[in-house]
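Since each chain comes alone in its own frame, lean on the hints to assemble the complex.
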Amino acid sequence: MYKNTMKSKITSSLFVLPYLVLFITFLFIPILYGAWMSFHEWDLLNPEHTFVGLENYMKIFDSSSYINNIFFEGLFNTFQFVIYSVPLLIIVGLGLALLITNLPRKLSGLFRTVYFIPYSVSVSVVAIIWLWLLDTNSGLINQYLMKLNLPIIPWLTDLPWAWISIVVATLWWTIGFNMVIFINALNEVSEDLYEASSLDGANRWQRFIHITLPSIKPTMVFVVITSTIASFNVYGQPYLMTRGGPGTETKVLLMNIVDEAFNQRQLGNAAAMSLMMALIMIVISVVQLKISDRKE
Amino acid sequence: MESKGFKTILVILAVIIALIFITPVFWMLSTSFKSDQEAFTAGIKWLPQVFTAENYQYIFANDGDTPVLKWMTNSLFVGIAGTLLVLFVDTLAAYGLARLDVPFKKTLTSIFIGSLTIPWVITFLPLYMEFRTFGLLDTYAVLILPYSANAFGVFLLYQYFRSFPKELEEAAYLDGANKWQVFLKVVLPSARPVIWTLAIFTFMTIYNDFLWPLVTTSSPEMRTITMGIAVMQQGSFVSSPAKLMALTSIATIPAVLLFIIGQRSFIKGVTQTGIK
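In the order they appear, the protein sequences are chains A and B.
Residues in the first sequence are numbered consecutively from 1, following the UniProt record's numbering.
Residues in the second sequence are numbered consecutively from 1, following the UniProt record's numbering.
You can trust all of the hints, since none of them are fake.
Straight-line alpha carbon distances no greater than 25 angstroms define the calculated BS3-like cross-link-like pairs of lysine-lysine that follow:
(1) K106/B - K7/A
(2) K166/B - K9/A
(3) K7/A - K166/B
(4) K166/B - K105/B
(5) K105/B - K7/A
(6) K166/B - K106/B
(7) K185/B - K9/A
(8) K217/A - K290/A
(9) K45/B - K147/A
(10) K106/A - K4/B
(11) K105/B - K9/A
(12) K7/B - K106/A
(13) K185/B - K105/B
(14) K185/B - K7/A
(15) K185/B - K166/B
(16) K106/B - K9/A
Quick caveat, the hints were computed from the structure, so don't treat them as lab data.
Bound conformation, chain B alone (with noise of 0.2 angstroms):
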């Protein structure tokens, strides 16, 4: 039915969209190798003219003003450890709800996902004063703990383990497994997909959260790369675009490794868990 011309115009539209989506990522890479004075002369220069990796070797030297690994620790460490956390406190906690017999089971499910309307503005500034009483506000509980509280994951895995073939859980009960057993041996490994779905949510939610590090940290060593760039980019920066597009050159890096690697999952997941 489809006509060959119709599929030739349709490829030459998706090559034109991905110039679009591709070339600011090539102009910003492409001005991270260029001096600040050839980034700044007028003229449009797709590749620079003089091929440099001093702005490379400034961030990384500059340990003071731009502590690129630190920030980099700091967020992967934040991403990895708040991803974990949600990992298992919704897992464990979809288990109990959607297949045990956890007292008010009904009043907790609807009580869980009812949360997922409320908007997050409402707990901002109490969540920043809760932290302040307690002395944590720069540390890493605070850049971490509050994303655990999100209903969503919680949401996603009770879908799927409510439909869950209940014969294979009680295969093993009969075997003689406990609770526990079954839950790690049986279910969790079912929902692989899942899981890695909500991980990867979760990961580049954290990571890539501006707001919440913005004003919950200030010293320069608690900043997470996305804030930090964001600071250079206000300060000592403002002048220097080949240098802040080096920064944010590298920042992009490891988010897009993981996204490639993620993606094939991510996507399936999505279809999985009925996001629709």
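If we strip away everything but chain A, and leave its shape as in the complex, we get (with noise of 0.2 angstroms):
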């Protein structure tokens, strides 16, 4: 195809130069950067930073340190809003796609694309709508309980409420990828599968426990994982919506390593509580990947 020269070489190498470049600068070089930041008191004020190694690191498991009280406090809410909202985006997301692939052919695409039009919008949209269908005094849904004569509902202020409100705004907001994925896979899982099994009587549940989710394993483990991955990232919604609140109850890990960075202008505690959710992240991608092999 072409020499294997010095000059063949040379010019293969330039196709992945400016990739490289970008990886180096905007990847590699911030891990490495990052992972120096974390040893540092690094005050966002002063260019003065001293070195304190793994002090940032005990900070977090120090009882008595702030630092440990935000990290966990952040943590514990993350995995609630994980906890929440993850099998619902898989089972609803599923749900969505198996009902499109049974309408009728000609309905299918068009209610598809009404499912996942709000994964088109910007988070701060999502907010703001939902904020104003949720808002206690003059919001479309308070109005219509206090029609029914039933008791408001204090969404955004009031638990287990604010979860609630923060967790359907992303169903609506980002179900409709999670459908198109499943829908994906649905169509491939071979007819004649589901032929054999209706001539040996199975019914509608037996084919979908025995046939449809063992087809579509691994698309289950990818939006398993990046669901899990997306959730873990949540920032916008309880910013937007909640403010964290109320008190501190729907405020994320993220949110508190922002507000260490911008607001207390701590980047060196910051940064190695971002290094600590990353390898939390990390582990948890990992045993995910692990308990979906072993059902192999």
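So this is what it looks like as structure tokens:
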């Protein structure tokens, strides 16, 4: 195809070079730089940074430090969001995909588009629309509750409603993506398998359990992992919808990291917290992969 | 096998769910044509009693506080520039790694693909410091460049190029084409659906991003529309729901239009690229 010469190798390297430069500048160096920051007392406004070794990490595990407090409180709140949202993102996403694939062909494209449209708007639009729907006094939903003589609900200022509101808005916003991925997977399940099992007298539910689910398992693993990662990174919804409230009940870890970095200006602490958060995310992804392998 | 009754129930269910998906958007549009006063008055009014475009006039006329067109232009510019940059570097790198005699090819490929498992939160603060050190906060550079180091596109295209039939390239080489010509004339055109998918993914990521523009820009004229909305919600429009809804309606139009135009290739691409 081409001669294996120096010149050929140089030409080929030029293909990879632009990406490599960006990769090094905006990913590789920041990773090292971030680790370096986490070993320093690093005030955003002070050009002098003192090396403190592992002290920033020790603070995370020292229960008398406020860093310990905001890290674990934020982590706990993030975990809550992950636990509420991920199963729904999977089940509702799969449910919608099953619905779409079973509709008459002419209608399925239309409904797929309708369910997918919210995915194209940004988080600030999502937050504002839902704030307006859920407003305690003038929100559409509470007005209907009043009309039906039901007690109004403090959707954004009380628990568990604040979490319910955040999760519902998130589902509305992002479910279309998981749905599309599941639709693709469902379309690839072999028709022969379904036919064979129908002949064997399997009902709809049995076909779903014994044929559909095993056939879409790789997709399931992909969706579980990407949904978990996305839910860990939640920021805009609680930031804009509940301000982390009531109190700090919906203040997620990422909000605390951003606060520590830009309001307290302690980038060393914030960098250590970021690395710990990333480490936890990696461990969870690996565990999810391992669990899915074992069930093979 | 499928009974007619079952299909009918499914269609009814689909319509109900569609209404749930559409209602929030409808309520936003309806509110945007009400006066602030009417919006606040309790009572469920699906349509404005007095239909007014004053909110739209206000956000477009009030250039100092809500430079909506500037925000939209910023978002579109940043989204398009970022997407073109990603497409340029990712297609080249993916092809080089999939097909050409790049030194340390295996190592580079596994480093790039391995980088997909690194949560972005690791690079968030150091990237901020990097741009701060070079005085590039509050510029287009900080809003565009960081998205380019994502290996997702390289990975997608690498998979695609690996499965591309070699014979077509070999024929072109025999005709005397060089690597660039083969890449541009033979390989790239075939990858169009995958490239479209990557383009839509990337554009939506950049256009809709919130946290990064929030911390890296500060002047009103550098805001993206996503951030502009958030700022207005907490600031001047705190008690102007109708104006806020006009602003979000404006912001939604280009994204939804682009999405409806692009969704066919997006959905096809998701299938072809084997995200599953």
